Structures are given as structure tokens and as C-alpha cells.
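Engineer: Based on the hints, put chain F in the right spot on chain X.
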Amino acid sequence: MLTKRIIACLDVHAGRVVKGVQFVDLVDAGDPATQAARHAREGADEIVLLDITATHEARQTLLDTVRRTARELFVPFCVGGGIRALSDAEAVFEAGADKVSVNSAALKDPTLIEAIGRSFGAQAVVVAIDAKRDPSAADPVHDAQVYLQGGRKLAGRRVVEWAREAEQRGAGEILLTSMDSDGTRAGFDCELTAAVSEAVGIPVIASGGAGTVDHFTDVFGRGKADAALAASIFHFGISSARSLKQELAQAGVSVRLPC
Amino acid sequence: MRVTVIDYKAGNLTSVLKALRHLGAETVVTDGDLSLIESAERIVLPGVGHFAATERLDSTGITGAIRAAIAHGVPFLGICVGMQWLYAGSSEAPGQPGLGHFSELCTHFAESTEKVPHVGWNSLEVKSGSRLLAGVAPGEFVYFTHSFKGPVTADTAATSFYIEPFAAAVERGNVMGTQFHPEKSGETGLKILRNFLAWKARED
Numbered sequence: 001m002l003t004k005r006i007i008a009c010l011d012v013h014a015g016r017v018v019k020g021v022q023f024v025d026l027v028d029a030g031d032p033a034t035q036a037a038r039h040a041r042e043g044a045d046e047i048v049l050l051d052i053t054a055t056h057e058a059r060q061t062l063l064d065t066v067r068r069t070a071r072e073l074f075v076p077f078c079v080g081g082g083i084r085a086l087s088d089a090e091a092v093f094e095a096g097a098d099k100v101s102v103n104s105a106a107l108k109d110p111t112l113i114e115a116i117g118r119s120f121g122a123q124a125v126v127v128a129i130d131a132k133r134d135p136s137a138a139d140p141v142h143d144a145q146v147y148l149q150g151g152r153k154l155a156g157r158r159v160v161e162w163a164r165e166a167e168q169r170g171a172g173e174i175l176l177t178s179m180d181s182d183g184t185r186a187g188f189d190c191e192l193t194a195a196v197s198e199a200v201g202i203p204v205i206a207s208g209g210a211g212t213v214d215h216f217t218d219v220f221g222r223g224k225a226d227a228a229l230a231a232s233i234f235h236f237g238i239s240s241a242r243s244l245k246q247e248l249a250q251a252g253v254s255v256r257l258p259c
Numbered sequence: 001m002r003v004t005v006i007d008y009k010a011g012n013l014t015s016v017l018k019a020l021r022h023l024g025a026e027t028v029v030t031d032g033d034l035s036l037i038e039s040a041e042r043i044v045l046p047g048v049g050h051f052a053a054t055e056r057l058d059s060t061g062i063t064g065a066i067r068a069a070i071a072h073g074v075p076f077l078g079i080c081v082g083m084q085w086l087y088a089g090s091s092e093a094p095g096q097p098g099l100g101h102f103s104e105l106c107t108h109f110a111e112s113t114e115k116v117p118h119v120g121w122n123s124l125e126v127k128s129g130s131r132l133l134a135g136v137a138p139g140e141f142v143y144f145t146h147s148f149k150g151p152v153t154a155d156t157a158a159t160s161f162y163i164e165p166f167a168a169a170v171e172r173g174n175v176m177g178t179q180f181h182p183e184k185s186g187e188t189g190l191k192i193l194r195n196f197l198a199w200k201a202r203e204d
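Going down the list, the protein sequences come from chains X and F. Each residue of the first sequence is one higher than the one before, counting from 1 in the working numbering. Each residue of the second sequence is one higher than the one before, counting from 1 in the working numbering.
Bound conformation, chain X alone (with noise of 0.2 angstroms):
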């Protein structure tokens, strides 16, 4: 039976896992390499690491630590953050990266999808959202709202019609990150992760709000996630993949057990 993911995030900045509230207040959160080898350990099923602050000077630090990271890890790695043209993507997967995320660069110009897909596959291509529910609006979820630039940029995009021209691109899946949740522990937006899953054929990761088991098995249910990331829960301590793999099964998710 096809399990869902648990899915750990590491938010990188030059070349160390961070971690904010709402895109701001960052905190130190360890070695990128030895976070991911834990977590690989402790029963992720996929590690993401997106680089939350890639500037062209830090290219490098990035593909090193991608490097570093990767060499160790035999569960699907993906890499994000300052994918802006087909050579950064190489360059990533050159250095062990499974999949690539792309978010702002897919959106200023969508063939970058096509052009990365063509190459590695479309299995490789993940766009990522980040989402805002707008509040204004006549349906705040349908009419949610995409930002660019880690959050900092109205792109003027409706996220669920956005999600569907990313899987018509040839995304192979999509990471919808809430910005109203992320970094709250109060939960995933699950009206907004069930809009965008049912818009599209492909997988949904959900993102932002991560907090307790039972925001899980939410997002699992009513939210239609085939997968979910979780970057705070984990990194100091509170929980390991496992731990909530074992309680998630308890509650009726197929998850991948043992791990």
C-alpha cells in the first residue's frame, strides 16, 4: 500500500539549518549533513533542504552542503532555494540532489519546469508555492494568493490556478508551503492544501504549521496531502519521524513502518 511521506525540511542559510516564524527571526538549527543523516535515520521518508537565502555568493556553500549532505543519504533528497535557470538545476543534481524545488524563477518564467523536466524527468520537478489566503477576498481559499522571493512579493498568481499550470508544465509534484501557518505550530491549512489537491492529478506536499501529531493525520484526511513536511517539530528534539510514524499508524495513516 502506497504510505504517506513524512517529509524533513532543513531551511539552510549559509550552509546552516535554520528555522523562523513566518519567513523571519531565524535560529540556528545544526549542520545541514548531520541533520539529514538523523533524520534519514530516525525514519524520514524524504529529506528536503532549501536554501532560504541563496544569493549568487552563496552558491557554492550551497552545493557544497548538498555534496556533504547527499553523500550519506539513501532515501530521495531534494534541494530548493535560487533555482533560477536549467544550469542551476545540474549543478544541483550533479552534486546528489534527487529533485530540485523551483518556486520564484518557475513563476517569472514557467518554461523553466519544461526545461529542467526534459532533462531529468518530470520526477524530478518539484514547484514549490508559497501560499497566503487572502483575506479579502470573496473565498479566501480559492483565491489564496502566491508570493515569491522566500515570501517577501505578491506574484499576482491565484495559488490553486497556479498549482494547475505547474502540473500542465510537467511539475511532477507540488510543495505548498501556508505562510499564514508556517513557523505557528497551530497546524497546516488544510482547505487550502485540499483546494490545491484536488485541482491537480500529481502529489501534494503540505507545508507550514507542523505542530502535533494530530495536524497530520488532519492534513492526511480532510487536507488530501499525499505527504507532509515538518522542520521544527523535529529539530529540537520534540519528535523524530518515527515517533510520529508510530503514532500516525495508531491512528489509522498508512505510513512506512518500521523505518
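Note that these hints are calculated values from the structure, not bench results. Predicted model only: the values in this text are computed from it and were never measured. Be aware that one or more of the hints could be misleading.
As the list claims (entries may be wrong) - Computed list of lysine-lysine pairs in DSS-like fashion (alpha-carbon distance at most 30 angstroms, straight line):
{"no.": "1", "chain 1": "X", "residue 1": "K224", "chain 2": "X", "residue 2": "K19"}
{"no.": "2", "chain 1": "F", "residue 1": "K18", "chain 2": "F", "residue 2": "K191"}
{"no.": "3", "chain 1": "F", "residue 1": "K191", "chain 2": "F", "residue 2": "K9"}
{"no.": "4", "chain 1": "F", "residue 1": "K115", "chain 2": "X", "residue 2": "K224"}
{"no.": "5", "chain 1": "F", "residue 1": "K127", "chain 2": "F", "residue 2": "K115"}
{"no.": "6", "chain 1": "F", "residue 1": "K127", "chain 2": "F", "residue 2": "K200"}
{"no.": "7", "chain 1": "F", "residue 1": "K18", "chain 2": "F", "residue 2": "K200"}
{"no.": "8", "chain 1": "X", "residue 1": "K108", "chain 2": "F", "residue 2": "K9"}
{"no.": "9", "chain 1": "X", "residue 1": "K108", "chain 2": "F", "residue 2": "K115"}
Structural biologist: Just chain F, lined up with the frame of chain X:
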């Protein structure tokens, strides 16, 4: 142990090479140097993406070299599209023949309410006697990402279920394939690759 890994410009080889080296294998990569296939101790054909990309195996002469190596008993492992290529072909690219080692065709998952591609960790039901999957317990999980799949036949070494039962691994003599990615399937995957590296022709 030296493993010849085939590069047909369909996706990235890094993960496969890394896993093989982790297990102590020496790896060489060829995208057209047939001598590396003729002298191979093991051959691995990875593959992600579209079946049509396997056309490059024909145009470079790799298909013929692999056919000869297999006939000489060299252990061969196809991964994902590399496994599908062992069949007669795939409905993903009807004009492009596969190796035809297995006579069936690969097809798209049936229409259903489930999402396709099938992405994630799914469990294996291993057929007894599989040498590639020796030591893999019923229900162990491996990582898949694909939309096309091979049918369950006498050569199926393990099945998985998504929408319908399909061939998760195939094995006949020295020719083996996995629809899943052993290089991305944690300890279970490494165990399978270790079996492949340790594979020996039977004396009988």
C-alpha cells in the same frame, strides 16, 4: 567488483553511482564506449523520465552490446525505465522497442481516482526464490516514482499494489530489474543492491 553504469542522457546518475560506491563497488560510466560493456562484470541501466529516451541505446549500439553481455551471463540490473526497457516496449513510446528479454509490454496505470504518477514508499510482496530480493521481508517498503509499469507474470520477482497489482521487480537468470529505486530505498534498497553485487552464476 566493477559495475558498468549506462548513461543514456535521461536523468541523473549520481544517486545510483553513490549507492554502488557506498557498497564498495568500483563504477565506470559509458554513454557509448562499448568496450566498457563488453568487459563489464556487472551492468546497471538506471533511468528516469520518458521511455522514448531509450532510443539512444539503439543509436549508440549499446543495445546490441548489452544483449551480447547478457548472453555471456553478465548480471544486469535495470532500474525504473531501465527495468521497463527489458520488456518488448512501453505504451509510453509505442514506436520505440525495448530489449524484448521479457515479451510483454509496459502500460500506463489504469484510469482511477488515484493520482498518477505513483510516488512514494510502497510495500513489496516478494516471490520466494528471488535472488535479487533475498532477505527482503514481506511488507518491506521501497521508493517508487513512475506512471508506467510492467505486468505481473512468471518472471515477476516482487509485486506491489497501486490501483492494480504490478511488477515491482523482475528476474530471470542474470537479468534483473526494479521498478522502484533501490538507491533511494534506505536499508532495504541497499540490501537489494548488495544482492546484485554478490550475484553469482549457479554451478548447476
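Engineer: Would you mind marking each hint as holding or not holding in the structure?
Structural biologist: Do the hints match the structure? See the list:
Only pairs whose Cα atoms come within 30 angstroms are accepted, and X:K224 paired with X:K19 is accepted, the gap being roughly 26 angstroms. Proposed proximity of F:K18 and F:K191 is supported: the alpha carbons are some 15 angstroms apart, at most 30 angstroms. Between the alpha carbons of F:K191 and F:K9 the distance comes to roughly 27 angstroms, so the proposed pair stays at or under 30 angstroms and holds. Between F:K115 and X:K224 the CA atoms are separated by roughly 11 angstroms; this keeps the pair inside 30 angstroms, and the hint holds.
Proximity of F:K127 to F:K115 is assessed by CA-CA distance (about 27 angstroms); at most 30 angstroms being required, the pair is judged to hold. Taking the CA atoms of F:K127 and F:K200, the gap is about 19 angstroms. The hint holds against a cut of 30 angstroms. In summary, the hint linking F:K18 to F:K200 is supported, as the alpha carbons are separated by about 23 angstroms, within the 30 angstroms threshold. About 27 angstroms separates the Cα atoms of X:K108 and F:K9, which keeps this hinted pair within 30 angstroms; it holds.
The hinted pair formed by X:K108 and F:K115 meets the criterion: a straight-line CA distance of about 28 angstroms does not exceed 30 angstroms.
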